[in-house]
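Residue numbers (numbering that gives the first Met the number 0), protein chains in the order written: chain A, 0 to 338; chain Z, 0 to 338.
Mixed in with the good hints, there may be bad ones.
Unchecked claim - So the derived list for chain A, only partly shown, Cβ under 7 Å to chain Z, looks like this:
hint, residue
1, 70
2, 80
3, 87
4, 89
5, 94
6, 95
7, 168
8, 172
9, 246
10, 247
11, 249
12, 251
13, 253
14, 267
15, 331
To be verified - No farther apart than 16 Å at their CA atoms in a straight line, the calculated lysine to aspartate or glutamate pairs in the EDC-like style are these:
hint, chain 1, residue 1, chain 2, residue 2
16, Z, 245, A, 334
17, A, 217, A, 300
18, A, 96, Z, 338
19, Z, 285, Z, 295
20, Z, 285, Z, 334
21, A, 96, Z, 334
22, Z, 96, A, 334
23, Z, 162, Z, 54
24, A, 245, Z, 312
25, Z, 212, Z, 20
26, Z, 96, A, 300
No wet-lab data here; the hints were simulated from the structure. All residues carry an ideal CB built from backbone N, CA and C; glycine is no exception.
Number of protein chains: 2
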Amino acid sequence: MKALMLSAIVATSVMGASLIDEAKTAGLKPIPANKKALEKLTSNPKNPTTAAKVELGKMLYFEPRLSKSGLISCNTCHNLGLGGSDGMSAAIGHKWKANPHHLSSPTVYNAVFYSQQFWDGRSPHLEDQAQGPMQAAPEMAAPKELVTDVVTSIPTYVTMFQKAYGKNVNITFEKIADTIAVFERTLVTPSRYDDFLNGNKKALTAAEQKGLKTFIDKGCATCHNDIALGGTMQAFNITGEYKYMKVGDFKGDANGLVRVPTLRNVTETAPYYHNGQVATLSEAIKEMGRIQLGVELNDQETNEIETFLKALEGKKPAIAYPMLPASTAKTPKVDVVND
Amino acid sequence: MKALMLSAIVATSVMGASLIDEAKTAGLKPIPANKKALEKLTSNPKNPTTAAKVELGKMLYFEPRLSKSGLISCNTCHNLGLGGSDGMSAAIGHKWKANPHHLSSPTVYNAVFYSQQFWDGRSPHLEDQAQGPMQAAPEMAAPKELVTDVVTSIPTYVTMFQKAYGKNVNITFEKIADTIAVFERTLVTPSRYDDFLNGNKKALTAAEQKGLKTFIDKGCATCHNDIALGGTMQAFNITGEYKYMKVGDFKGDANGLVRVPTLRNVTETAPYYHNGQVATLSEAIKEMGRIQLGVELNDQETNEIETFLKALEGKKPAIAYPMLPASTAKTPKVDVVND
C-alpha cells in the first residue's frame, strides 16, 4: 500500500515536471510569485502604481456619483464580490438599458494582463478602457465635464489627487480614468495553478494536472494562453457556428475577431460567452471545442477540463469598503426621477 | 492673553458640564462608550448577535442576487460608503422605478436605535424592516421563494447558516431577513458628541457646544432626541406647511405622523426630508424651525445648529468587502434583459 501510494506520488511529480514544460511550450504563463516582479509587470511606467493612487482609484471605482444618475459605479457591473462581473447575460446601465449588442460585462480581475480591452479589443489598456463605460449612454452615461465637476467639487478628492500626483495636478477626466486604472492593475488573483507553473509540482492534484494536459492537448491554449489564459483577439466560429447568436448580438470586430476572455475565476463569472447565453461551464467547454477547435469533446474530456478550470479560482485582494466623502454645495445635483 | 485663553477654557468646561445635564434633560442620550453595554443595547434578545451571523448578514446585505433582477442589493440604496443612503431624492429600484410616494432611502447607520422603521413607522424593528425592500415591487421586487431559492442553492450560504444557527436551521425568508438585521445592528457610528455626553467636556469645541445649546433651546430635541436624535413618530407641518410637497408625495401615516430621521451623519445624507427636496443642511434647519417649531431661525442660529450637527459625523465600522460565493446550477436564472 505504502509502495503504491509512493509510486502514485512519484508518477504525479514526474507528470508535474514535464507538464510544466508542456504548459510553457503551449504559451501558458504564471502570475509571478515574486512581489517585485509582479509589481513591475502590472504597473504602468507612464503612471507608476503608488499606495496613494490605489486608494484614490479604489474610491473612484466604487463611486456612483461618476455616473449621470449618481447610482452606477464601476463596481455595479464589475462587482468585486461577484468575480469582478455581474452575473447578467448583458450589462444593464443607465435607466436600466441593456447593452445594445447584448454584451456581458467582462471580469475586471486580471484584466491588466490583457493585450486588448473590450470585447472588440478597441482599447489598448485599462487607462483607456476606463474612459468608456463612464461616458457610454447605456452604461454610466456621464459627460466628461460631469465626472470632473463631481470630483473637483469634493475637497477630499482634490486633496487625494494632490497627494497622489503633486500639488499642481490637473484633475481631468483622463486623470480620473488613469487613477481608476491604477487600482484595477492591482486586481490580480494568483491561484494554485500559478504555484504549479512556478514550480510547485504538488500544487495541483493529479486530476487537475490531467485536466491541464487535456486542455493543452485539445488545443484550448491556442487562444487561452499567456498569463490571463486569454486577452488577445481571435477569430470566432472557426469550425462551427455558435449556437446562441441572436439578431443584433455582437459578431466580432471588423475582421470578425473577438477578445478572448480570461479563464481565471471562470467558475464565478457565469453566464458565459460575450452574449452570456451559456449557463454552465461544461456546455461552454463543449461549445468552444465544437466551434473553435472542430472537436466533439466527450463528457470525460469535458469534466477533465472543467476540473482544471476550477483550479484557476484565485485569491482576491482584500478590499476595505471605501467610505466616500460627502457631496458639497458645488457638487452637480442629480434628478434621477425626472431626468 | 494666556489668562484670557485660560478663562475661555474654564468657561467652556463649566458650560460643558451644565450643558451635558441640559442635553440629558432634553432627552438626548449618547451611544454607550462601554462595548458590552453597546452590545446589550443593540443585540436582539430573540436572535443574539454573533460573529458568524454578522459575517453572513454582511454578505447578504451586499448580495444583489436577493433581488429579482440580480442587480440590486440592500447596499444599492443604503450604501455604506455614502452615509448609509444613496444621495437620491427618491429611491430608485427594480427597472429604474422611483419610489411611488417619492420617498428617499433613510440611512441604515444607527437605524438600530429607532423605535419605528420606515418613514411611516409601520415596522417595529430591523428584522421586520429587512423583509420589505426585498419584496417591494419598486425596490428589489423578489418574491420570498426566489430569495430562499437563491440562498439555499449556494452551498457556502447553507454552511454559513448552519454555523450561525445550528445544523438543523430552516433557511426561510424570515431567517434571511433576521440575519441581515443582525449585521445592520452593528452599524453604529459613535462620534465626538457621544464622547461629550459620556463626560468628556472637551470633546466638542466651544462653537459646537453653543450649537448644541441652540439646538436644545430652540426645541429641536423635542423630536430629535434619544440616541438616534430621531426615530420616533411625530406630527409634521405643525406650525407651517412644508414648502416642497408635491402631488403624490408621502404625507405621513394615517394620523399624519412621520418617522423622525436620525441627525447622526446628516452631513453625508443630503438631499433632505422624506421626499429629498431640500439640498442644503442650512435650508433644512430653517424649514424645520418654520414648520415644526414656529420659529424663524436667523442665519447665526442656523449656523450654530449646523456646526453642532457636523459634530454628529461618526466613526463608521470597517467593512471588509465580502467576496460572494458563486451561483450553482440550482440557482434561479435571471433574465433581466427580457423580463
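Hint by hint, here is what the structure shows:
1. The beta carbon of residue 70(A) is positioned within 7 Å of a beta carbon in chain Z (closest approach about 6 Å), and the interface hint is therefore held.
2. Contact between residue 80(A) and chain Z, as hinted, is supported at the beta carbon level, the nearest pair being about 5 Å apart and thus within 7 Å.
3. Restraint check, residue 87(A) versus chain Z: the minimum CB separation of about 6 Å is within 7 Å; hint holds.
4. Given the 7 Å rule on beta carbons, the hint for residue 89(A) holds: about 5 Å separates it from the nearest Cβ of chain Z.
5. Interface hint status for residue 94(A): upheld, as the beta-carbon distance to the closest one in chain Z is roughly 5 Å, under 7 Å.
6. The interface hint given for residue 95(A) holds, since its Cβ lies 4 Å from the closest Cβ of chain Z, which is under the 7 Å cut-off.
7. With a cut of 7 Å, the hint placing residue 168(A) at the interface with chain Z is violated, because the nearest CB-to-CB distance is about 23 Å.
8. Of the supplied interface hints, the one on residue 172(A) is violated, with its beta-carbon coming no nearer than about 21 Å to a beta-carbon of chain Z, more than 7 Å.
9. Interface restraint check for residue 246(A): the shortest CB-CB distance to chain Z comes to about 13 Å, outside 7 Å, so the restraint is violated.
10. Checking residue 247(A) against chain Z by beta carbon gives a least distance of about 11 Å; that is not within 7 Å, so the hint is violated.
11. The beta carbon of residue 249(A) is not positioned within 7 Å of any beta carbon in chain Z (closest approach about 14 Å), and the interface hint is therefore violated.
12. Because the smallest distance between the Cβ of residue 251(A) and any Cβ of chain Z comes to about 20 Å, over 7 Å, the interface hint for this residue is violated.
13. Hint status for residue 253(A): violated, given a least beta-carbon distance of 26 Å to chain Z, over 7 Å.
14. Taking 7 Å as the C-beta cut-off, the interface hint given for residue 267(A) holds, the closest approach to chain Z being about 5 Å.
15. Annotation: interface hint on residue 331(A) violated; nearest CB of chain Z at approximately 11 Å, more than 7 Å.
16. A distance of roughly 15 Å separates the Cα atoms of residue 245(Z) and residue 334(A); the hinted pair therefore holds under the 16 Å criterion.
17. Restraint check: the Cα-Cα separation between residue 217(A) and residue 300(A) comes to about 9 Å, which is no more than 16 Å; the hinted pair holds.
18. Simply put, residue 96(A) and residue 338(Z) have alpha-carbon atoms about 12 Å apart, close enough for the 16 Å limit, and the pair holds.
19. Between residue 285(Z) and residue 295(Z) the CA atoms are separated by roughly 7 Å; this keeps the pair inside 16 Å, and the hint holds.
20. With a C-alpha separation of about 47 Å, the suggested pairing of residue 285(Z) with residue 334(Z) is violated against the 16 Å cut-off.
21. A distance of roughly 13 Å separates the Cα atoms of residue 96(A) and residue 334(Z); the hinted pair therefore holds under the 16 Å criterion.
22. Proximity of residue 96(Z) to residue 334(A) is assessed by CA-CA distance (about 13 Å); at most 16 Å being required, the pair is judged to hold.
23. Restraint check for residue 162(Z) and residue 54(Z): the C-alpha separation of about 11 Å stays at or below 16 Å, so the hint holds.
24. Note on residue 245(A) and residue 312(Z): the hinted pairing is violated, with a Cα-Cα distance of about 52 Å set against a maximum of 16 Å.
25. Distance check on the hinted pair: residue 212(Z) and residue 20(Z) sit about 11 Å apart at the alpha-carbon level, within 16 Å; holds.
26. For the given pair, residue 96(Z) sits about 47 Å from residue 300(A) by alpha-carbon distance, which is inconsistent with the 16 Å threshold.
In terms of the numbered hints stated before, the structure departs from hints 7, 8, 9, 10, 11, 12, 13, 15, 20, 24 and 26, listed from lowest to highest.
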